Each structure stands twice: as structure tokens, then as C-alpha cells.
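> Listed below, chain by chain, are the residues.
2 protein chains.
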Amino acid sequence: MKKAKVGIGIIGLGVVAGQVARVLLEKGEDLSRQVGCQLVIRRIKVLEEDLKRPLAGEIDRKLFVTSDDDLFNDPEIDIIVEAIGGENPAFAYLKRALDGGRHVVTSNKEVIAKHGTALGKLAAEHSVSLRYEGSVGGGIPLISRFQYDLVANRINGIYAIINGTTNYILSRMAREGIDFDVALKNAQALGYAEANPANDIEGIDAVYKLAILATLAFQTPVSPEDVYREGISRLGSRDFQYACELGFAIKLLAIAKSSDGRVEARVHPVLIPENLLLAKVDGVYNAILVRGDLVGDVLFYGEGAGANPTASAVVADIVAAARAIMGGNAITSVPALATPSGNKIKPISQIETRYYLRMTVTDDAGVLAQIARVLGDHRISISQVIQKTNDDTAKTAEIVIMTHPARGDSMQTALDEFGRLGVVKEVSNFIRVEEIGSQP
Amino acid sequence: MKKAKVGIGIIGLGVVAGQVARVLLEKGEDLSRQVGCQLVIRRIKVLEEDLKRPLAGEIDRKLFVTSDDDLFNDPEIDIIVEAIGGENPAFAYLKRALDGGRHVVTSNKEVIAKHGTALGKLAAEHSVSLRYEGSVGGGIPLISRFQYDLVANRINGIYAIINGTTNYILSRMAREGIDFDVALKNAQALGYAEANPANDIEGIDAVYKLAILATLAFQTPVSPEDVYREGISRLGSRDFQYACELGFAIKLLAIAKSSDGRVEARVHPVLIPENLLLAKVDGVYNAILVRGDLVGDVLFYGEGAGANPTASAVVADIVAAARAIMGGNAITSVPALATPSGNKIKPISQIETRYYLRMTVTDDAGVLAQIARVLGDHRISISQVIQKTNDDTAKTAEIVIMTHPARGDSMQTALDEFGRLGVVKEVSNFIRVEEIGSQP
Numbered sequence: 001m002k003k004a005k006v007g008i009g010i011i012g013l014g015v016v017a018g019q020v021a022r023v024l025l026e027k028g029e030d031l032s033r034q035v036g037c038q039l040v041i042r043r044i045k046v047l048e049e050d051l052k053r054p055l056a057g058e059i060d061r062k063l064f065v066t067s068d069d070d071l072f073n074d075p076e077i078d079i080i081v082e083a084i085g086g087e088n089p090a091f092a093y094l095k096r097a098l099d100g101g102r103h104v105v106t107s108n109k110e111v112i113a114k115h116g117t118a119l120g121k122l123a124a125e126h127s128v129s130l131r132y133e134g135s136v137g138g139g140i141p142l143i144s145r146f147q148y149d150l151v152a153n154r155i156n157g158i159y160a161i162i163n164g165t166t167n168y169i170l171s172r173m174a175r176e177g178i179d180f181d182v183a184l185k186n187a188q189a190l191g192y193a194e195a196n197p198a199n200d201i202e203g204i205d206a207v208y209k210l211a212i213l214a215t216l217a218f219q220t221p222v223s224p225e226d227v228y229r230e231g232i233s234r235l236g237s238r239d240f241q242y243a244c245e246l247g248f249a250i251k252l253l254a255i256a257k258s259s260d261g262r263v264e265a266r267v268h269p270v271l272i273p274e275n276l277l278l279a280k281v282d283g284v285y286n287a288i289l290v291r292g293d294l295v296g297d298v299l300f301y302g303e304g305a306g307a308n309p310t311a312s313a314v315v316a317d318i319v320a321a322a323r324a325i326m327g328g329n330a331i332t333s334v335p336a337l338a339t340p341s342g343n344k345i346k347p348i349s350q351i352e353t354r355y356y357l358r359m360t361v362t363d364d365a366g367v368l369a370q371i372a373r374v375l376g377d378h379r380i381s382i383s384q385v386i387q388k389t390n391d392d393t394a395k396t397a398e399i400v401i402m403t404h405p406a407r408g409d410s411m412q413t414a415l416d417e418f419g420r421l422g423v424v425k426e427v428s429n430f431i432r433v434e435e436i437g438s439q440p
Numbered sequence: 001m002k003k004a005k006v007g008i009g010i011i012g013l014g015v016v017a018g019q020v021a022r023v024l025l026e027k028g029e030d031l032s033r034q035v036g037c038q039l040v041i042r043r044i045k046v047l048e049e050d051l052k053r054p055l056a057g058e059i060d061r062k063l064f065v066t067s068d069d070d071l072f073n074d075p076e077i078d079i080i081v082e083a084i085g086g087e088n089p090a091f092a093y094l095k096r097a098l099d100g101g102r103h104v105v106t107s108n109k110e111v112i113a114k115h116g117t118a119l120g121k122l123a124a125e126h127s128v129s130l131r132y133e134g135s136v137g138g139g140i141p142l143i144s145r146f147q148y149d150l151v152a153n154r155i156n157g158i159y160a161i162i163n164g165t166t167n168y169i170l171s172r173m174a175r176e177g178i179d180f181d182v183a184l185k186n187a188q189a190l191g192y193a194e195a196n197p198a199n200d201i202e203g204i205d206a207v208y209k210l211a212i213l214a215t216l217a218f219q220t221p222v223s224p225e226d227v228y229r230e231g232i233s234r235l236g237s238r239d240f241q242y243a244c245e246l247g248f249a250i251k252l253l254a255i256a257k258s259s260d261g262r263v264e265a266r267v268h269p270v271l272i273p274e275n276l277l278l279a280k281v282d283g284v285y286n287a288i289l290v291r292g293d294l295v296g297d298v299l300f301y302g303e304g305a306g307a308n309p310t311a312s313a314v315v316a317d318i319v320a321a322a323r324a325i326m327g328g329n330a331i332t333s334v335p336a337l338a339t340p341s342g343n344k345i346k347p348i349s350q351i352e353t354r355y356y357l358r359m360t361v362t363d364d365a366g367v368l369a370q371i372a373r374v375l376g377d378h379r380i381s382i383s384q385v386i387q388k389t390n391d392d393t394a395k396t397a398e399i400v401i402m403t404h405p406a407r408g409d410s411m412q413t414a415l416d417e418f419g420r421l422g423v424v425k426e427v428s429n430f431i432r433v434e435e436i437g438s439q440p
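First to last, the protein sequences are chains W and X. According to my numbering, the first sequence is numbered sequentially starting from 1. According to my numbering, the second sequence is numbered sequentially starting from 1.
Quick caveat, the hints were computed from the structure, so don't treat them as lab data. Given the structure is predicted, the values throughout are model-derived calculations rather than measurements. There could be a bad hint or two in this list.
Said to hold, decoys possible - DSS-like mimics (lysine-lysine), calculated; alpha carbons at most 25 Å apart, straight line: (1) Lys27/W <-> Lys344/X; (2) Lys3/X <-> Lys27/X; (3) Lys344/X <-> Lys257/W.
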């Protein structure tokens with residue numbers, strides 16, 4: 001017999017959870033019609049301080065519980081929605097929900113990136129679904145694409161702008177020629193960056209999201225520790241100026257590729273050709289380019305965060321879980337894989353990219369010969385050298401070198417040797433260059 | 001008991017059908033593992049001439065049948081894939097398949113645009129699924145978005161570049177300053193436009209696709225006849241030059257909006273602000289912007305046609321149908337709606353947009369006053385007037401007028417009156433302007 005009602009328990013009443021509750025209450029009738037059964041919020045597990053939020057006043061107080069047991073012991077709850085964020089206690093909540101045979105919906109990127117494979121196995125053991133569309137890219141439909149729409153493809157690569165804060169900062173630096181610190185302050189003043197911005201500007205948030213996407217795309221567990229990471233704080237306004245002159249934009253990209261049975265995954269600033277669509281994604285928006293062997297390049301673009309977009313994804317997951325309950329079948333969204341990932345990850349030292357180098361050197365004849373020799377010793381070819389500015393007082397010059405593809409370890413050794421070369425006063429920056437290839 | 005095999009029948013061996021067969025044969029094992037049962041091609045219904053195609057040599061000849069009955073009477077076929085295109089006999093095939101209780105997968109935009117609602121009802125009656133992800137945007141995941149990922153949203157608008165041929169032609173006209181005829185010939189030489197290009201350049205192909213998207217987005221049947229249509233052949237190189245000077249790009253957009261319970265749907269050239277991401281989509285690519293009340297603006301971009309991208313979508317649909325068969329539940333992708341659409345469609349005459357007008361007028365004082373009076377009589381305000389070129393011999397001048405928003409019927413009447421105004425030698429072009437609003 002089909003159920004007439006699907007019961008929902010929500011953990012949290014923060015920005016996302018509150019909006020999810022509001023959408024379910026406001027659009028419940030329409031959604032119920034589409035699912036073919038009533039979607040009923042049974043309990044909202046809150047902290048005492050949540051009850052002071054303005055939203056709390058809009059919701060029937062009888063739904064609120066402050067004890068975990070009151071939520072988990074309600075036999076009429078079929079789906080548990082977690083939207084408190086962070087690793088703990090969210091992870092414990094999700095395990096308890098799955099162990100209790102509840103379908104789980106979460107938008108928690110950290111817990112999925114770190115424990116998604118384990119949670120996916122737990123879900124499979126209990127024949128329930130684990131869904132987390134909201135964990136990457138807000139409401140942009142992404143997660144399910146890999147198991148559904150792109151299922152016939154071998155995925156070769158992902159190139160993604162998946163952190164709105166950093167993309168906003170980089171967009172302003174590019175457009176206005178301002179320095180990182182100024183752009184960060186602007187972003188903080190507008191609420192696009194947090195008071196402690198490390199999670200965003202150091203690329204940690206993007207690492208979580210890339211680990212999730214790469215795990216799905218390549219059907220190999222990729223953990224946050226497997227992802228190489230560099231933040232954006234060392235980018236200077238001059239780098240944007242020179243990149244622009246060379247026909248490139250600077251973006252913080254999350255890149256994952258698969259070849260020869262090995263996966264590479266990295267988050268760092270890159271120069272990309274300015275004519276690519278990805279280069280034109282400005283502000284707090286996200287854009288995720290997925291390259292498949294059949295579909296070619298598809299790009300998904302939209303708001304990557306925020307209460308409404310994330311609620312859009314979370315409610316879609318709730319509806320999908322409800323349909324699975326109604327239809328009697330549940331598909332877990334995480335491929336439950338037994339193989340450990342370690343040996344399948346290609347370390348950054350072995351990854352080949354082109355490089356942009358900006359350095360200050362003494363303004364003498366023969367300097368370039370010495371630099372070229374160091375690069376040549378490590379089989380790094382130069383594709384372009386530009387002398388940018390001279391400082392006549394200090395008798396130094398700033399030069400920019402664009403290399404041909406070189407391994408990470410070769411470049412690292414060359415950079416170390418530059419430090420010992422008397423003529424190199426400073427390596428001001430080195431940034432990887434990604435051509436990305438065919439459109440976009 | 002779960003089935004161990006899902007049988008597939010394919011109608012056609014053309015570009016798409018052939019690639020679908022090839023993908024199923026090459027990737028069958030991997031796909032079967034993901035579905036949890038074997039996907040087996042049982043029969044491929046071909047015409048005699050199909051057997052001469054090179055692809056036919058790669059496929060076991062025992063699969064080929066030339067009689068319809070040999071396909072439809074095979075009791076082990078669960079899913080029928082139609083990829084012959086065109087309205088007939090495809091429509092009859094799809095009806096027969098659904099009537100026989102087979103799940104149907106098609107990439108046929110014409111048949112779905114014209115008969116999707118009827119076919120959806122038939123599918124529902126027989127408790128089977130009708131899927132057509134490949135009918136719009138090649139492999140770009142679109143169709144299922146409305147019923148799944150965006151289900152919590154009220155969709156307010158769709159703005160789409162969904163015909164690669166016309167976008168290629170317009171991109172070349174914009175970049176190279178060439179005329180339409182030249183750009184069309186180039187497109188034909190490269191195989192991007194057909195020898196008889198009417199279906200593309202007159203917007204017919206885009207109308208089919210928009211009718212499908214609007215039906216899904218607004219849950220109201222929108223037929224091809226409900227969609228207002230203008231092609232691109234009357235665009236001149238000067239329009240591109242002037243649009244560029246004014247900060248606009250010219251695109252053939254498929255636009256659908258819903259407000260106050262009425263739907264507007266139209267395909268015509270538009271000026272859009274050049275800073276929008278949509279304006280930067282060049283070449284044969286497609287981009288579909290969907291605006292939802294929660295998700296905001298999401299944009300999907302990729303190759304809109306071609307054997308591989310379309311096969312990506314068709315095989316994904318086959319896998320989805322197979323999963324539904326395995327799980328015992330089928331969700332039809334077309335909302336089966338009983339309400340006729342007629343009265344819900346907003347006619348073009350009532351639709352308000354800004355306009356770009358290019359006209360040749362006599363080079364006299366007082367001309368502009370006469371033009372402004374005609375526009376004013378119909379409550380059309382001018383936002384900008386630019387005198388472009390003078391022809392001293394003919395004593396004429398070319399002017400460009402940008403208006404504020406005006407109703408379609410008001411503008412049509414004003415254009416008629418210009419024809420009777422002695423000072424207006426020619427209205428060379430008028431193009432609607434869409435601001436589209438918030439990013440992108």
C-alpha cells in the first residue's frame with residue numbers, strides 16, 4: 001500500500017534549514033501534488049537560541065524539539081534533513097539517521113567530502129538514499145548529473161569556479177586593479193566574505209566541493225587530503241595586469257582530471273585564456289565545466305550559495321527521496337566503493353602545466369641566460385619572456401616568463417635554484433596556466 | 001523477481017541512432033553494472049538503404065530487421081528508442097510502442113513539441129515512461145531538470161540560444177562584419193547549415209525546442225503554434241555594427257515567460273546587453289538560462305546537437321528507463337495535462353519590449369519631430385536617437401532609434417504609419433531589445 005504521507009525531520013534552523021522549512025510550508029501543496037503524497041514536517045530539531053530567530057515566529061512552535069531523541073525516535077519521520085554544516089555533530093547525526101533507516105538529505109559539503117563514501121555505504125546497507133545536491137554549487141543541478149544524465153560518458157575533466165567569495169575578490173582585482181587586501185575588505189563589507197575568510201580564500205571550501213565532484217565523476221573516492229591546494233592571497237594587482245596583457249584571466253579553479261587510471265585534483269589560482277566562457281564568469285557566481293567523452297564540454301552556471309538556491313537543491317532532494325519512498329526504490333547518490341584511493345591519486349609534483357613566473361632580477365646583461373639555464377637544466381622550455389618595468393635606482397628589472405608545460409617537481413626545484421641565483425632578487429609569483437583546450 | 005535483462009529496440013540507423021547503438025555495444029558492460037541488469041539490443045529496425053552505411057558493418061547483422069512487426073512483436077523488448085526524426089512515421093511508431101506497453105526514448109523534437117502531451121497521457125495510461133532528454137540541447141541536461149532538480153521553483157522565465165546553426169551565423173556576422181548571405185554560405189560549407197536551411201534560419205527548429213521547454217517549465221501545454229516566430233535572414237551587417245556601438249549583441253533567442261497565469265513564448269532576433277554571459281555564447285554552442293524563484297538564474301551550456309552529445313542524452317534516458325523497469329516505477333517526463341492551452345497564451349501584440357529601429361529618412365529639419373509624433377501617438381517613448389550616416393546625393397540619413405518598452409501592437413501600428421510618412425524612405429529593420437535583467 002502506498003503511503004499517503006512522507007514525514008520530514010529537519011536538524012537546524014539556520015539560513016538554509018530555515019528556508020527549507022519555509023519552502024516546504026509555503027509550497028507543500030504543490031509539491032505534494034507532484035509527488036503524489038503529502039510532505040509533512042514532523043519535527044525541527046533546534047538549539048534554544050534558534051527559537052529567537054525571526055523565522056521561528058513564522059513556524060508552528062509545536063514542531064520544535066530541542067532533544068535529539070525527540071527527533072530520532074519519531075517513527076513517522078522518513079526523511080531527515082541536516083543543514084547545520086560543519087563536520088561535527090553533523091556526521092554523528094547523519095550516521096544515526098541512516099542507522100535508523102531514514103533517508104538523508106544534506107547540504108553539508110564538509111561532512112560529505114570527508115565521510116561521503118562511508119555514509120553512502122551505510123545508506124546502501126539500510127536501503128535508504130543519501131542525497132546532497134545542495135553541497136556543491138547551491139541550486140545548480142550538478143551532483144545527480146554524474147549518475148543520471150552523464151551516465152553514458154567517461155568524464156575526462158572538471159574545471160570549476162566553485163567558490164563565490166574568491167571569484168568575487170578576483171573579479172574586482174581584475175576590473176579595478178586593486179590589491180588583494182582591498183578587495184577582501186570590500187567583499188567582507190558586502191557580506192560576501194566572512195570575518196575570518198580563511199576557509200574561502202585559502203581554497204578549503206573549494207577543496208571539499210572538488211573532492212565531492214571528483215568522487216562522483218571518476219567513481220573513485222577522492223578525499224580532501226587528496227586535493228592539492230593553494231589560496232589566492234599571494235596574487236598581486238600586477239599579476240592581473242600582466243595576465244591581461246598576455247590574453248589571460250586569473251581564476252581560482254578547482255580542477256580534476258582522470259587519465260591512465262589515475263586522478264589528479266587541485267585547487268589553485270590559474271591563468272586561463274580570456275576568450276573562454278569560464279574566464280567571463282564574474283562576481284559571486286559559480287560555473288562548473290564538465291568534459292565527457294560523448295557530451296563534450298557542458299557548463300553549469302548559477303548562484304553557488306545562499307539560502308534560496310541551496311533550499312532549491314535541498315527541497316529537490318527531499319522530493320526525490322519522497323518519490324523513492326513512494327516508488328519503493330532508493331538510489332544512493334554516493335557510489336559505495338571499497339577500494340582505497342591513495343595510490344590512484346597523481347601527486348602535484350607529477351602534474352604538468354605551463355607556468356607564469358614574475359620575478360625581480362638585477363638589470364644586467366646575461367641575467368636571462370642564467371635564468372634560462374636553470375630552467376633548461378630541469379627541461380623547462382620558455383615560451384615567452386617579457387621585461388616589464390625597470391627600477392633605475394635599485395638597478396633591477398621585473399620580468400615575466402611564460403613556460404611550456406613542465407612538471408610540478410621540476411618547477412619547484414628550479415624555483416629553489418632561483419633563490420640561490422644572485423641575479424634573482426625575488427620570485428614575486430608563479431601561477432599555473434591552464435589552456436583547458438576546446439571550447440569553452 | 002528482478003529482471004536480469006532489459007531488452008532494447010532501436011528504430012533507425014542514422015547519425016544519432018547509429019551512435020546510440022555503438023555506445024550501448026561498447027559501454028554495455030559498464031552501464032549494465034550501474035543499472036544492475038544487462039542492457040541488450042534486441043532489434044534495430046532499418047530501411048534497406050541503412051544497411052549500406054559503414055556503421056552497419058560494425059553491428060551484428062542478426063540485430064537488423066526491416067519489418068515493423070519484427071520489432072514491435074518481440075516480447076523481450078522493454079524499451080523502444082526512436083531516432084529517425086520528423087513527425088511521420090515517428091509519431092505512429094511512438095504511439096504503437098506506448099500502446100504496446102513499451103517504455104519510449106526519443107530525441108525527436110518535432111514529434112514531442114507537437115504531440116508530447118498526447119504521448120505523455122498514453123504513457124501514463126500504460127504505466128510506462130516517455131523520455132526525450134535528447135530533443136533539446138543535445139547532451140546538455142535540461143528536460144529532467146524541471147521535474148527534478150528545479151521542482152521546488154516557480155519558473156519565471158527561459159532565455160535560450162537553442163539553435164547552433166543560427167548562433168554560428170550570427171557570431172560570424174558580429175565578428176567579421178559580413179552579411180547574412182555570406183555567413184550562411186560559410187555555415188553551409190562547414191556543414192553547420194543544411195542545403196535547405198529554412199528550418200534553422202527561420203526559427204522553426206528553435207520553436208519546437210521552446211515549446212517543449214515551456215510546456216515543462218510552466219506545466220501548461222505550449223504547442224509550436226503558440227510560439228511567435230521570426231527568423232534571422234533580415235539582419236544586416238549594419239545592425240551588428242550599431243548594436244555593438246550601443247553596447248548590445250544580437251542573438252536569436254527563444255524566450256518564454258510566465259506571469260499572471262499567462263505564458264508568452266517567442267523566437268526572434270533580439271538585442272541583449274553585451275555584458276551578459278548569454279551574449280558571449282558564440283559559435284554552434286547552445287546556452288539555456290532558466291530563472292526560478294528560488295534558484296535564481298541558472299545557465300546550461302554545451303554542444304546543442306551532434307551524434308555524440310545526443311547519444312549521451314539518449315543513452316542516459318535508456319538507463320533511466322531501465323532503472324525504472326528494475327525498480328518497478330516509471331515516471332513519465334511529460335506532465336499529462338488536460339487543460340487546453342489556447343487562452344493561456346499571451347499574443348505577441350500584447351507583449352511589451354524595447355525596440356531598436358533602423359530607418360532611412362530624408363535629411364531635412366523637422367523629420368525627427370514627425371517620427372517622434374507617430375511614436376508618441378502610440379505612447380512609445382524614445383530613449384535614444386542616433387544619426388548614423390548621411391547620403392548627400394540622395395539627401396537621406398540613416399537613423400537608429402532605441403525606444404522604451406512598447407506593446408507589440410502599438411509598434412506594429414507605428415511602423416505602418418511610418419510607411420505613409422513621406423519623410424521615412426525605409427524602415428530597414430526593427431529588432432526587439434531584451435534586458436533580461438539580473439545576471440547573467
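> Look at each hint and say if it fits the structure.
For each hint, the structure was consulted:
no., hint, in the structure
1, Lys27/W <-> Lys344/X, "23 Å, holds"
2, Lys3/X <-> Lys27/X, "20 Å, holds"
3, Lys344/X <-> Lys257/W, "48 Å, violated"
The structure shown violates just one earlier hint, number 3.
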